[in-house]
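These are the residues of each chain, in order.
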Amino acid sequence: MNQNARDMIAFPVIFVILSLAVQAYLMEGFYARRSGDFGEWNRIVRGEINADILITGASRAQAGMDVSLLEEDLNKDVYNIALLGNSLALQVARLKVYLKYNRPPEAIVQVVGRNTLRKPRAYNPGQFIPYLNEKEIYQTLSGISKHFILARYFPLYSFALLSHDFTVDAVQGLTGREDTVDCYKGYCPVNIDWNKEEDVKTVKRLYPQGLKGQMTEEGKAALNELVQLCRQKRIRLFFVYAPVYYQFNEFVVNLDEVRAIYRKLSDGRDIVFMDYSSAEMARQEKYFYNSQHLNQLGSIEFSKIFGPELKQLLTRIEEN
Amino acid sequence: MLFNSLEFLIFFPVVVTLYFLFPFRFRWAWLLLASYVFYMFWNIPYVLLLVVSTLVDYTAGWQMGRTENPVKRRMFLVLSLMTNLGILAVFKYFNFFSSSFNALFKTLGLSAYLPHLNVLLPLGISFYTFQTLSYTIDVYRKRLEPQRHLGVFALYVSFFPQLVAGPIERAGHLLPQFFKKHDFDYPRMCDGLKLMLWGFFKKIVIADRLAFFVNFVYGHPAQWHGATVYIATTFFAFQIYCDFSGYSDIAIGAARIMGFEIMENFRRPYFAVSIAEFWRRWHISLSTWFRDYLYIPLGGNRVPVQRWYLNLIFVFVISGLWHGANWTFVVWGALHGFYMLFSVWTEGWRRRAVSFLNLERVPALYKMLRIAITYHLVLFSWIFFRAQSLRDVKTLIINMFSPGGNDAFPYKTFDFTVSLALIALLIIVHLLQSRWRLRDLTLRMPKFARWIFYYAVLFSIIFLGKFEGIEFIYFQF
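If you read the protein sequences in the order shown, they are chains A and B. Heads up: the first sequence begins at 1 in my numbering, then just goes up one per residue. Heads up: the second sequence begins at 1 in my numbering, then just goes up one per residue.
These are calculated hints, taken from the structure and not from any lab test. Warning: the hint list may mix true and false statements.
Below, in silico cross-link-like pairs of lysine to aspartate or glutamate (DMTMM-like), each with a Cα-Cα straight-line distance of 25 angstroms or less [claimed, not checked]: (1) Lys194(B) / Glu217(A); (2) Lys447(B) / Asp165(A); (3) Lys76(A) / Glu285(A); (4) Lys185(A) / Asp77(A); (5) Lys412(B) / Glu178(A); (6) Lys412(B) / Asp179(A); (7) Lys412(B) / Asp165(A); (8) Lys146(A) / Glu277(B); (9) Lys204(A) / Glu225(A).
Just a sample of chain A residues kept apart from chain B, beta carbon distances all over 12 angstroms, derived [what the hints assert, rightly or not]: (10) Gln3; (11) Ser19; (12) Gln209; (13) Tyr276; (14) Gln284.
Quick reminder that beta carbons are idealized off the backbone N, C-alpha and C, glycines included.
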């Protein structure tokens with residue numbers, strides 16, 4: 001083989017080796033993180049959580065359930081593994097990873113809403129990249145976008161595709177200089193002002209015919225999977241429809257249909273549906289940071305209502 | 001297919017490998033197939049337009065070659081012109097003219113309505129139309145023998161490296177290359193790859209990064225003032241240069257790997273000392289096309305002076321219209337025509353001013369001054385090119401000279417700092433290129449250092465590049 005042929009082979013081979021090495025090094029940065037999304041993922045895959053009560057869901061779960069208040073009320077270890085902006089399919093995939101590394105909880109509180117059963121989608125996709133070797137996560141993501149398949153097999157693909165913040169996250173992990181995140185055991189309260197009039201106006205303008213809660217086949221399949229998983233692991237499952245500002249609920253044309261799905265699954269013993277969508281606090285603007293999300297004050301108030309009711313339910317179920 | 005896509009990263013090595021493995025007599029067919037596949041990745045039915053252009057121009061050229069009768073020859077030329085320009089007019093300009101006529105009639109209080117066609121602009125239509133027109137015009141002028149091989153002619157029209165955004169090749173230069181056997185050549189491959197790498201760097205790292213800031217300002221022109229508008233326009237000047245010259249470099253490099261030489265399209269345009277020189281350095285394949293097929297046939301400067309002025313303005317207005325079906329492009333072209341006229345009118349006055357200020361005694365300063373003035377004239381014209389409408393142009397120009405209200409602009413971000421650094425890097429590279437051939441310089445480096453340099457460029461593309469599927473700006477033309 002002449003020198004040119006050797007160079008033609010050596011150049012790409014060295015490039016691939018270098019890419020693999022750089023990727024492996026940067027991944028260590030994600031694995032070293034203690035805060036933010038990567039911090040939560042790391043605690044899950046290292047089996048550091050082992051909570052008695054697990055809260056799952058999306059943004060309404062992450063910002064709407066005050067873990068410390070629930071711990072006080074229930075006298076149990078509570079943790080919130082909600083996945084901001086992501087669909088139920090990914091929430092279930094995360095739960096499966098959780099159960100692989102952690103002790104199964106006594107109960108799971110699944111916060112549901114209008115769009116829980118929507119088509120699977122990956123929000124903030126960078127958070128999943130270091131954990132693509134977890135087959136539960138990879139299987140779900142590979143069905144959502146081909147980019148996750150490429151990210152798993154092509155070194156540095158994800159660094160090229162995602163914004164430079166992704167690389168910065170890895171470097172922060174490597175240097176130990178992480179941005180602090182105001183969260184406690186996965187509960188991340190939000191305190192921002194809400195321009196209610198503007199919000200309501202926007203919704204009216206965007207959806208003059210009303211808004212429809214999405215109920216896709218994929219969403220229903222994920223819901224079934226969650227139910228089966230909980231039955232199989234003997235975990236009690238509580239579907240909780242957290243408060244939504246009442247004017248927004250009026251826009252949802254199939255709200256009853258959405259709620260009926262969870263009500264139908266409820267047997268009052270292993271699976272319970274707790275509906276707060278039209279609770280009294282849902283009429284008070286001061287508890288919300290937008291039409292669908294509770295602010296910190298709202299999450300505290302809601303947890304004060306929800307905690308004792310959950311405790312009562314758990315006690316009653318245990319007694320029976 | 002985009003050059004900056006994963007599909008191309010797979011497509012190109014496969015095409016090149018099989019190209020060299022195939023016997024020479026099948027290579028044209030392989031490249032033709034690859035070129036059509038390349039185009040069909042964007043849209044399958046629209047490949048028919050390419051086929052129509054090819055068949056009409058092949059037939060016109062062939063028929064012109066069969067007769068000496070000037071009437072018949074002219075008839076076939078007209079057939080080619082009407083077909084190609086007709087397709088261009090329908091797909092690219094119909095809606096522009098219909099909406100302009102409708103607006104005009106409305107202003108005059110008349111009721112007339114020309115319909116709006118709901119058609120997609122065929123990718124690269126202006127490029128391949130001009131390329132194939134140059135063939136029929138050259139055959140008509142008897143500067144070129146008609147091409148008898150339909151397959152090779154089809155390849156000339158659709159050759160994938162320069163199909164959708166040029167450089168606009170001439171048949172006399174490109175066609176003969178398809179009949180020449182190109183063996184695999186390692187140094188030539190390295191040369192082509194280096195050019196492609198630099199093209200990717202310019203496109204993905206520089207142009208697409210700058211695009212973020214440009215879109216930020218040009219998307220909401222009323223919000224921004226003063227330096228922010230100036231900076232955004234400067235960023236656009238470098239964005240469009242890196243975007244388009246990046247595409248050209250990738251095209252030239254890709255063709256070179258297979259043994260084809262495609263014409264140079266850019267020569268450090270922002271170092272031009274006059275607008276006339278700018279056009280000798282910017283989009284060279286288009287400006288020479290307009291020179292050879294429009295400006296000179298109109299009489300060029302060998303006509304009475306008033307007619308010459310008219311020729312200049314006309315060619316630049318048409319050039320503006322070629323870039324896009326919008327009045328902003330028309331005014332952009334007219335503005336460059338006016339610059340040219342102004343430079344002619346003020347030549348004596350400028351010479352006296354230079355002499356009065358003794359600038360000729362400090363040639364470096366004089367040159368820098370000329371570069372700065374030319375650059376700012378071009379920069380001003382880019383406002384017309386980038387803005388969505390003439391109303392936006394007006395807003396941006398007024399706002400550029402008024403202070404305040406730029407708090408939301410992301411000045412203090414990593415991306416902004418990197419953008420400035422990349423522009424500085426580009427200027428340094430251009431300064432070096434004006435003295436040395438950088439490709440030769442890299443060859444003088446030891447292999448170890450050279451490879452480290454290439455890996456550094458590759459990794460900087462990966463980590464600093466923007467890969468979110470942003471298309472090349474010139475695709476829309």
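A quick look at each hint next to the structure:
Using a Cα cut-off of 25 angstroms, the hinted pair lysine 194(B) and glutamate 217(A) is violated, with the two alpha carbons roughly 50 angstroms apart. With a CA separation close to 34 angstroms, the supplied pair lysine 447(B) and aspartate 165(A) exceeds the 25 angstroms bound. Proximity of lysine 76(A) to glutamate 285(A) is assessed by CA-CA distance (about 31 angstroms); at most 25 angstroms being required, the pair is judged violated. This hinted pair checks out: lysine 185(A) and aspartate 77(A) have alpha carbons roughly 10 angstroms apart, not beyond 25 angstroms.
For the hint linking lysine 412(B) to glutamate 178(A), the alpha-carbon distance of about 20 angstroms falls within 25 angstroms, and the restraint holds. Restraint check for lysine 412(B) and aspartate 179(A): the C-alpha separation of about 18 angstroms stays at or below 25 angstroms, so the hint holds. The hinted pair formed by lysine 412(B) and aspartate 165(A) meets the criterion: a straight-line CA distance of about 15 angstroms does not exceed 25 angstroms. Of the supplied pair hints, the one linking lysine 146(A) and glutamate 277(B) is violated, its CA atoms being roughly 47 angstroms apart against a limit of 25 angstroms.
In summary, the hint linking lysine 204(A) to glutamate 225(A) is not supported, as the alpha carbons are separated by about 35 angstroms, beyond the 25 angstroms threshold. For glutamine 3(A), the non-interface assignment is contradicted: its Cβ lies about 9 angstroms from the closest Cβ of chain B, within the 12 angstroms cut-off. With a minimum CB-CB distance of about 8 angstroms to chain B, serine 19(A) fails to clear the 12 angstroms threshold, and the non-interface call is violated. Separation of glutamine 209(A) from chain B is adequate, the least Cβ-Cβ distance of about 25 angstroms exceeding the 12 angstroms criterion.
The Cβ of tyrosine 276(A) lies farther than 12 angstroms from every Cβ of chain B, with a closest approach of about 38 angstroms, so its non-interface assignment holds. With a closest Cβ-Cβ approach of about 32 angstroms to chain B, glutamine 284(A) is found to remain outside the 12 angstroms limit, as its non-interface label requires.
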